[in-house]
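*Asks:* First residue of the sequence shown: 1, per UniProt numbering; consecutive thereafter.
One or more hints might be untrue.
Result set (EDC-like, lysine to aspartate or glutamate): computed pairs, CA atoms no more than 16 Å apart in a straight line [to be verified]: (1) Lys4 - Asp223; (2) Lys200 - Glu291; (3) Lys200 - Glu218; (4) Lys237 - Asp223; (5) Lys4 - Glu218.
With beta-carbon atoms standing in for the labels, derived distance ranges [to be verified]: (6) Ala359 - Lys289: 16 to 24 Å; (7) Phe301 - Ile7: 30 to 38 Å; (8) Pro290 - Arg97: 53 to 61 Å.
If you are wondering where the hints come from, they were derived from the structure by calculation, not from laboratory data.
Every residue, glycine too, gets a C-beta built ideally from N, C-alpha and C.
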Amino acid sequence: MTIKRQIINFNQRSIDVRIGSEIMDELSRLAAAPVGKPKRALMVADGAALEARGEDVRRSLVSAGFTVEVLEPAIEGGEDGGIPLGATTALLEAFARCGLTADDLVFALGSFGLCSLAAFCAHVWRGGVACTVMPFELEGMVRIATEMEPLGVAGAPGSVALPPNPAMVLCDFALVPSMTPEQLHLGCALMACAALAEGKKTWTDLREHAASVAVGEEAALRDALAATQVARRNVLKSPNPSARRALEFGDTAARALAACVAGDVPRSVLRAEGMRFEARLAVDAAGLKPEVAFDLDDLLFDLGIEDAGFTLDADAFVAAIRAVVAERSNRFLLPLPKAVGQIRLTSVADELLERHAAAYAASLAPDVVP
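Throw the hints in and build the complete structure from the sequences for me.
*Replies:* Now the structure itself:
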């Protein structure tokens, strides 16, 4: 199957996205494109990526005409397990030791966080260094062209981010069979959010092919990922500031659940439950048709994302939602769907939020058998 090419255009930049299972066969040709004349490349990778693909990628870069230096940055987790801002200093200092110039190439492969860190540092180093990323997770394939993993500082995890600016994103579907179910499910949840934000055609197409996407069937996954890239770009290019927050649908409730729920709940489940809760809230707060909320339930099920397996205290959930919103804004507004293709910041009354939180918590409570 051929490699699909998409150019994601923003106001002053464009990102070349390649999608398919034959990326490695064409890598020596693709690698040279961002720099014109290959000379030096710094390969930035985590341990798992180096073990799985490091030598193959290095050889392809050499075949393209690069001299290659390999760097495995040591990244210590931040407060929330994310990447601390201090990791950028360490990587930039490594750039300096390597003598990286603006004419060279940074080639990042590995987790979404690692690719985000490398793209961030490449963007700010000497006015901008060309950066190619090869994410090893479906989440990274979905997000890295339009959104970076935020960096954290003490007391404010996940608060530092810039629009990513990689020259090229390589989505290698040959990696899909080695992904864990959670890695697939989280990417699928993000696709569902983007489809709901985009419009009826994208929404309907994803619903029709959800079962194939969930198992990683290449043609279905390729089309879904390509549609997702367009949807995410359209959201972020919207002239309406409220509409540009549409990709956060479900994220507020997901982060609140993470703060309230005991145990290690998968991120895909948290995001899916966040969307389920906010969709039901939107029925009363934003006038969303109930059928759309039910369709979202069915879509998440078809994408293979399991139902919640936890219990919840409603008061703690409400307090956590308010705390998450307060981190970013002085106003209590949630990005809620009014209809398919229309997610906007919406004011939610205290009584309505508390009532829906209580109903949601009650739905999670285990059935009592007399």
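*Asks:* State for each hint whether it applies.
*Replies:* Consistency of the hints with the structure:
| no. | hint | in the structure |
| --- | --- | --- |
| 1 | Lys4 - Asp223 | 9 Å, holds |
| 2 | Lys200 - Glu291 | 14 Å, holds |
| 3 | Lys200 - Glu218 | 23 Å, violated |
| 4 | Lys237 - Asp223 | 21 Å, violated |
| 5 | Lys4 - Glu218 | 12 Å, holds |
| 6 | Ala359 - Lys289: 16 to 24 Å | 18 Å, holds |
| 7 | Phe301 - Ile7: 30 to 38 Å | 34 Å, holds |
| 8 | Pro290 - Arg97: 53 to 61 Å | 59 Å, holds |
Against the hints set out earlier in the document, violations occur for numbers 3 and 4.
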